[in-house]
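For the record, the sequence lines run as chains A and B. Add 22 to the 1-based position in the first sequence for my numbering, that's all there is to it. Add 8 to the 1-based position in the second sequence for my numbering, that's all there is to it.
Read the hints as simulated data drawn from the structure, not as lab findings. Glycine is no exception: its CB is placed at the ideal position from the N, C-alpha and C atoms. One or more of the hints may lead you astray.
[As the list claims (entries may be wrong)] Under the rule of at most 25 angstroms between Cα atoms (straight-line distance), these lysine to aspartate or glutamate pairs were calculated in the DMTMM-like manner:
hint, chain 1, residue 1, chain 2, residue 2
1, B, 95, A, 100
2, A, 46, A, 100
3, B, 95, B, 80
4, A, 46, B, 101
5, B, 107, B, 80
[Claimed, not checked] What follows is a set of in silico ranges between Cβ atoms, one per label pair, in the way DEER data are often shown:
hint, chain 1, residue 1, chain 2, residue 2, range
6, A, 148, B, 87, 40 to 46 angstroms
7, A, 96, B, 100, 17 to 23 angstroms
8, B, 31, A, 187, 33 to 39 angstroms
9, B, 13, A, 92, 35 to 41 angstroms
10, B, 106, A, 109, 19 to 25 angstroms
11, A, 179, B, 103, 20 to 26 angstroms
12, B, 102, A, 96, 16 to 22 angstroms
[What the hints assert, rightly or not] To spell it out: a stretch of chain A is covered by chain B in this simulated footprint if at least three of its residues, at any positions, have a beta carbon under 8 angstroms from a beta carbon of chain B; those stretches are:
hint, stretch
13, 24 to 32
14, 43 to 57
15, 61 to 68
16, 74 to 81
17, 115 to 127
18, 148 to 154
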Amino acid sequence: MELVIFVITAIVAIIGAIAMLTSKNAVHSALFLLLNFGAIAVLYLLLQAPFLFAVQLIVYAGAIIVLFLFVVMLLGAERDEEDANPIRWQAPVAIAMAVLLIGEIIWVLVRQSQDSVTRVGSSNSDFGSPAQIAQALFTTHLLPFEVASFVLLTALIGVVVLHQRRN
Amino acid sequence: MLPTIFYIGLSGLLFVIGVCGVLLRRSTLMVFMSIELMLNSANLALVTFANQRQSLDAQIMVFFVITIAAAEVAVGLALLVMIFMRKQTTNIDTMTTLKG
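Please construct the entire structure, taking both the sequences and the accompanying hints into account.
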């Protein structure tokens with residue numbers, strides 16, 4: 023059962039990613055990216071991460087995709103890519119490097135899978151629940167949590183400064 | 009629980025698709041989306057390892073990665089809008105100077 027869900031979700035994720043890469047219209051690309059994010063959220067559920075499932079849907083599928091769509095439509099830049107790439111050799115080299123990278127990943131995975139990958143620790147059904155995440159976030163990882171708030175504040179101020187009118 | 013290799017393989021594949029997007033597409037918006045895809049694939053790998061080791065630390069790290077990605081997208085898209093107003097294009101090959 024788990025395998026069936028995984029295979030379907032993985033196929034949806036890969037189709038979403040490839041369609042994002044190949045579609046000419048930036049709005050379509052953003053929507054295919056949304057499909058991919060949704061599929062990855064389902065995989066988070068399979069991996070016992072319900073909190074991250076919710077965060078993925080709210081932050082990525084909600085906020086970030088809406089921001090992308092907003093900017094694409096604001097700029098009217100749906101098809102702003104008609105002219106050919108001035109660097110001719112870039113595309114073949116890029117594809118060759120990508121094939122090399124995927125070959126390397128497959129090689130490492132096949133080599134590693136011969137060692138038995140076993141699960142450390144016992145499985146408890148409570149793992150990854152929002153309560154446990156909150157406990158870890160507000161005790162062990164409190165300092166990074168505070169720092170993250172500063173990062174968000176900096177981004178906020180940065181955006182405001184970028185867009186203020188210069189007199 | 010499925011073997012970890014399935015999830016890591018999917019994560020690697022999505023990462024490579026993201027790399028292709030960064031290298032092949034000329035629109036800055038598309039490059040941005042591909043970077044988001046790569047961040048997501050890295051997150052998937054982290055969550056997989058969290059589940060395999062039954063340790064919450066990687067899930068906390070994914071939470072922070074999502075936070076930073078949100079901040080990065082906000083600043084990046086603001087920059088993009090500014091550049092578009094200046095140059096009337098999102099083609100990445102026209103952005104060759106730091107000072108507009």
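Against the structure, the hints:
{"no.": "1", "hint": "B/95 x A/100", "in the structure": "holds (16 angstroms)"}
{"no.": "2", "hint": "A/46 x A/100", "in the structure": "holds (8 angstroms)"}
{"no.": "3", "hint": "B/95 x B/80", "in the structure": "holds (22 angstroms)"}
{"no.": "4", "hint": "A/46 x B/101", "in the structure": "holds (18 angstroms)"}
{"no.": "5", "hint": "B/107 x B/80", "in the structure": "holds (20 angstroms)"}
{"no.": "6", "hint": "A/148 x B/87: 40 to 46 angstroms", "in the structure": "holds (43 angstroms)"}
{"no.": "7", "hint": "A/96 x B/100: 17 to 23 angstroms", "in the structure": "holds (19 angstroms)"}
{"no.": "8", "hint": "B/31 x A/187: 33 to 39 angstroms", "in the structure": "holds (37 angstroms)"}
{"no.": "9", "hint": "B/13 x A/92: 35 to 41 angstroms", "in the structure": "holds (39 angstroms)"}
{"no.": "10", "hint": "B/106 x A/109: 19 to 25 angstroms", "in the structure": "holds (20 angstroms)"}
{"no.": "11", "hint": "A/179 x B/103: 20 to 26 angstroms", "in the structure": "holds (24 angstroms)"}
{"no.": "12", "hint": "B/102 x A/96: 16 to 22 angstroms", "in the structure": "holds (19 angstroms)"}
{"no.": "13", "hint": "24 to 32", "in the structure": "holds (count 4)"}
{"no.": "14", "hint": "43 to 57", "in the structure": "holds (count 5)"}
{"no.": "15", "hint": "61 to 68", "in the structure": "holds (count 4)"}
{"no.": "16", "hint": "74 to 81", "in the structure": "holds (count 4)"}
{"no.": "17", "hint": "115 to 127", "in the structure": "holds (count 7)"}
{"no.": "18", "hint": "148 to 154", "in the structure": "holds (count 3)"}
Violated hints: none; the structure is consistent with every hint.
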